[in-house]
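A.B. asks: Chain by chain, the residues:
There are 2 protein chains.
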Amino acid sequence: MSVEDGRFSVARILALDVVDVRFPTSRELDGSDAMNPDPDYSAAYAVLRTDSGPDGYGLVFTIGRGNDVQVAAVGALAHLVVGREVPADAAALAALSADLVGDSQLRWLGPEKGVMHMAIGAVVNAAWDLAARRAGLPLWRFLAGMTAEEIVGLVDFRYLTDALTPDEALAILRAAEPGRAARTAALLTAGYPGYASSPGWIGYPDEKMVLLVKQAMAAGFDMIKLKVGLNLEDDLRRLERVRDNVGSEVRVAVDANQRWDVPVAVTWINAMARYQPYWVEEPTSPDDVLGHAAIARAVAPIAVAAGEHVHNRVMFKQLLQAGGISVLQLDATRVGGVTENVAILLLAAKFGVPVCPHAGGVGLCEMVQHLAMFDYVAVTGSQAGRTIEWVDHLHEHFVDPAVTQGGRYVAPTAPGFSTRMWPESVRRYRFPDGPEWTTAQSPPPGP
Amino acid sequence: MSVEDGRFSVARILALDVVDVRFPTSRELDGSDAMNPDPDYSAAYAVLRTDSGPDGYGLVFTIGRGNDVQVAAVGALAHLVVGREVPADAAALAALSADLVGDSQLRWLGPEKGVMHMAIGAVVNAAWDLAARRAGLPLWRFLAGMTAEEIVGLVDFRYLTDALTPDEALAILRAAEPGRAARTAALLTAGYPGYASSPGWIGYPDEKMVLLVKQAMAAGFDMIKLKVGLNLEDDLRRLERVRDNVGSEVRVAVDANQRWDVPVAVTWINAMARYQPYWVEEPTSPDDVLGHAAIARAVAPIAVAAGEHVHNRVMFKQLLQAGGISVLQLDATRVGGVTENVAILLLAAKFGVPVCPHAGGVGLCEMVQHLAMFDYVAVTGSQAGRTIEWVDHLHEHFVDPAVTQGGRYVAPTAPGFSTRMWPESVRRYRFPDGPEWTTAQSPPPGP
Chain H
1 MSVEDGRFSV
11 ARILALDVVD
21 VRFPTSRELD
31 GSDAMNPDPD
41 YSAAYAVLRT
51 DSGPDGYGLV
61 FTIGRGNDVQ
71 VAAVGALAHL
81 VVGREVPADA
91 AALAALSADL
101 VGDSQLRWLG
111 PEKGVMHMAI
121 GAVVNAAWDL
131 AARRAGLPLW
141 RFLAGMTAEE
151 IVGLVDFRYL
161 TDALTPDEAL
171 AILRAAEPGR
181 AARTAALLTA
191 GYPGYASSPG
201 WIGYPDEKMV
211 LLVKQAMAAG
221 FDMIKLKVGL
231 NLEDDLRRLE
241 RVRDNVGSEV
251 RVAVDANQRW
261 DVPVAVTWIN
271 AMARYQPYWV
281 EEPTSPDDVL
291 GHAAIARAVA
301 PIAVAAGEHV
311 HNRVMFKQLL
321 QAGGISVLQL
331 DATRVGGVTE
341 NVAILLLAAK
351 FGVPVCPHAG
361 GVGLCEMVQH
371 LAMFDYVAVT
381 GSQAGRTIEW
391 VDHLHEHFVD
401 PAVTQGGRYV
411 APTAPGFSTR
421 MWPESVRRYR
431 FPDGPEWTTA
441 QSPPPGP
Chain X
1 MSVEDGRFSV
11 ARILALDVVD
21 VRFPTSRELD
31 GSDAMNPDPD
41 YSAAYAVLRT
51 DSGPDGYGLV
61 FTIGRGNDVQ
71 VAAVGALAHL
81 VVGREVPADA
91 AALAALSADL
101 VGDSQLRWLG
111 PEKGVMHMAI
121 GAVVNAAWDL
131 AARRAGLPLW
141 RFLAGMTAEE
151 IVGLVDFRYL
161 TDALTPDEAL
171 AILRAAEPGR
181 AARTAALLTA
191 GYPGYASSPG
201 WIGYPDEKMV
211 LLVKQAMAAG
221 FDMIKLKVGL
231 NLEDDLRRLE
241 RVRDNVGSEV
251 RVAVDANQRW
261 DVPVAVTWIN
271 AMARYQPYWV
281 EEPTSPDDVL
291 GHAAIARAVA
301 PIAVAAGEHV
311 HNRVMFKQLL
321 QAGGISVLQL
331 DATRVGGVTE
341 NVAILLLAAK
351 FGVPVCPHAG
361 GVGLCEMVQH
371 LAMFDYVAVT
381 GSQAGRTIEW
391 VDHLHEHFVD
401 PAVTQGGRYV
411 APTAPGFSTR
421 MWPESVRRYR
431 FPDGPEWTTA
441 QSPPPGP
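If you read the sequences in order, they're chains H and X.
In terms of the numbering used here, the first sequence opens at residue 1 and continues consecutively.
In terms of the numbering used here, the second sequence opens at residue 1 and continues consecutively.
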C-alpha cells in the first residue's frame, strides 16, 4: 500500500482495530464514589494500524458495562480513517478531526456528546499519537512546537466566536511564544505539579484513608482529594480526620460526583466550609451551567471545579461565560480528543481560569500530562493554581506510564501520547474472553 | 415462565429484541437540511417480548450511519429488563425508568445524553407501549388517566428542584383535573393542530417547494416550515416565493438546524424578519443555553424554538430559566422516553412556554401526538400556540399510523404508543441484509 511520492513514501492507515479491555477494579472498591459504587475501569482501546512505521493508539475510558457499546462506536468511524494518509502536521490533524465530527449521519447520535463523541476522541487521539510518534516527539513537545497559526488552525470555532475569536486565540498564543524554550527546559528538569486522589475513595474505611493520605504526603504531594456527597456526617468526620492528620497547610479538595441539586449543594458545601475545601468538584449535574453558576455565587470563596463529564467545548464555553467554574478539569477521553482540548485550553486562557485536568481511570494520567504541559509551554505560560490529578493504579499496563516524583509529574520524553498499552495486558484483560475474566472468581459483569 | 399469583398470572418480560431498520430516504433528498444533506431515516427498533399477551415496541430515530451503534446500546440494557415483571402502573414504570437511568456503569457513557440515553428512551417507550396496550388504552389516555400524584411520581426531580418542586408539579396537575373529561372528548372529536414541514426541505427546488406548500394549504394546514441557513440569499428568495403564494396570514416557521454562531444567527434572523417568521428553530448549538438566550433577546419578538437535539430535562430546565426558548420542541426518542418527557412537559407548564413537538423522522409523529394530547388533557389544558410537526412519509410502516385531517392530528384510539412497525417492513428494510438494501441500485451506506 505504500506509495512512492518523490523521495518520500506516503504512509497510509490500513485499519482501525478496537478492543474491549476491562480491569476488575470493583473487587477492591478502587474508584468508588457517591455515584459510582463499583466501577470496573475499562477502555475501548483503538489502534490505527499503518502500512509502514509506527501505529497510533487511543482509548475511551469507561467504567465497565457499556464498554462494548463504546467499542461499536469506535468501529463505526473506520470508513472515515481507513485508507487515509497518515496525518503528519496540524492541517492534516485538523482535517481528520473535522471529518469525524462532521459526518452528518453520525452527528445525529450526539451531536458532539456521549458515546459517539467519545469514540471520535479516541480515534483523534490515536491520530495525534501516530503523528507525534512519527515526529519522534512526546505529544506535548510536538504540539508546543507548532506555530501559533497552526495551533489556531486546529480549533473548530463553530459555536465559540461569541466568546473566543480566532484573532483572540492567536494573540494568546503569540504572547506565550517568547518563553517556550525556557519553559520546556523547566518541565524537563522539574516536572509539573500533581495532587493525589487515590486516598479518598468513598468505599475506603477511615483508617485506610488516613494511612493513604499520610503516604501521599510522605511521597511529596501537597494536595489531596476526598470523595463526598453520600452522607454529610460521614463527610464532616472524614474531613476532620484528614485535617487532624495533615494540618491546615495541605490543600484538600472534595468531589461530590454530581450528587446534589443546587439548593442541597449550597447547604452541604457551606457545612464543610470550616475544613477549608480547596475546591468542590462536580457539585451537581455536569449539564447544569446555570446551576454551577448559582452554586459558585453561593459558596464563594470556595472554588467550584468541573469538567470530567463536560461533554464538549460549547459546554465549557458557557461554564466560563457564566462564572460556573473557577477550576476547569479537562478530560482526555470525554471530548473530541486533543484537537478539541486545544480549543478548551484556549477558552480557559481567555477567561483566566486555571486548567487542572481530570485523571485516574485508565490511561488518563498518561494523556492529560501532555495537555497540561502544552498549556504551560505554549498557551498560558503559568503553573499557578494548576495541578494534575494523580491516581496510582493501572499504569503498569502502559508502555510509557505516567510517573510522579516528589508529588510532581515527570515530563514524558518517549514519542507519542503515552497511550500504547502492553499487548500482553490487552490480551489478558480482554472482555469477556481474556484469561483475567474467564478464570476470575467473581462472575463477570453483564452483558 | 408465567407465575400464578392468586387469581392473576404475573406476566414477565422474556427478551429485549432490537433490529437495525433503515429507509433509503437519501435517494430523494427527503429530510435534507443545512446540517443533514443526505439522511437515510432509520430506527433502532426495540421489542420487549413477554411470556403472555401483547409485546411492547419502541425505537430510536437516527439518520443512517451509526444506527448499528444505537442497536448495540439498546442491547446493553437487556440485563435491566429481561425477567422483570411487565410494568402495569405508574410506580412500576417509574421504577423501570429509574433502574435504566441509574445503572452506574452505563451512566458513565452519558450521563443522560447521546447514544446511551436514547437507547434508554427506546426501552422506556417500549415499556410504556406495553403497559398501555395491556390497559387497552392509547398512551395519551392511559397517561392522562393517572392521578396527579401518580404523574408526579414519574418525575425524576434530581437536578430540577431549583426550577420545579414536586409540590409545584402537583399544583399544576391538580389545576388541570376539572376539565380532563371534556378535553378528552374534544380531542376525540376535533383532534389537535398540526403544521407541515414536508414542503421545506433544503434540497428541494423552488418549484417543488411552492407546489408542496400549496398542497399543504389545500389539505388544511395553516402553518408550514422552511429549512434555512445554508445561504442567506437563497433563504430570502425562498421565503419571498412562499409569501407570494400563501400571503401573510399563514404562519411560516424557519429552521436553521444549528447552523449559526450567535452573532451570525442574530444578523441572519433579523434579515429574514421582513417575511415574519413565526419562529426560528435551532439557530445554534442545542447545547448553547446562553447562546439561545442571547439570540432570543436580540431577535425578539421573533420566537426561538429548540428541542429535537436537547438531550435531557436539565438542558430544557436551563433553556426555560434563561429565556432561551419561547417554543419547546420535545422529541420522543432523544431523551429518556415518556417518563422524562412528562418532566419536560411539567417544566414547560411551570414556565408558561408552549410545547410544539418535533416530529417527522421514523415514528416521531406517531409518538409525540400522544404526549401533546396528554399535555392538553392533564397538564396545561390548552392548545393555544401549540401545534405538532407533520411530515407525511414512512407512516405506512406503522400498524397504527398517525393521521391528519384538515391540518389536524386525529386522536389515536388503538391501544399503546403507536410504535409497532409492520413485521414485513422490519424484514424488508433490515440493514444490511433486508431485500431493500441487498437489491438496491445505489450502494448501501457504510456501517
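No wet-lab data here; the hints were simulated from the structure.
For each residue, glycine too, the CB sits at the ideal point set by N, CA and C.
Where hints are given, some of them may not hold.
[What the hints assert, rightly or not] With beta-carbon atoms standing in for the labels, derived distance ranges:
no. : chain 1 : residue 1 : chain 2 : residue 2 : range
1   : X       : HIS79     : H       : ASP17     : 53 to 63 angstroms
2   : X       : VAL403    : H       : ARG297    : 42 to 52 angstroms
3   : H       : ALA95     : X       : ARG174    : 34 to 44 angstroms
4   : H       : ARG274    : X       : ASP51     : 52 to 62 angstroms
5   : X       : ASP17     : H       : ARG27     : 50 to 60 angstroms
A.B. asks: Against this structure, judge whether each hint is valid.
C.D. replies: Now the hints, each set against the structure:
1. A hinted range of 53 to 63 angstroms for the beta carbons of X/HIS79 and H/ASP17 is inconsistent with their spacing of about 27 angstroms.
2. X/VAL403 and H/ARG297 have their C-beta atoms about 51 angstroms apart, which keeps the hinted 42 to 52 angstroms range intact.
3. In this structure the supplied range 34 to 44 angstroms is violated for H/ALA95 paired with X/ARG174, their Cβ-Cβ distance being about 57 angstroms.
4. Checked against the given bound of 52 to 62 angstroms, the beta carbons of H/ARG274 and X/ASP51, roughly 58 angstroms apart, stay inside it.
5. Restraint check, X/ASP17 to H/ARG27: a C-beta distance of roughly 33 angstroms breaks the suggested window 50 to 60 angstroms.
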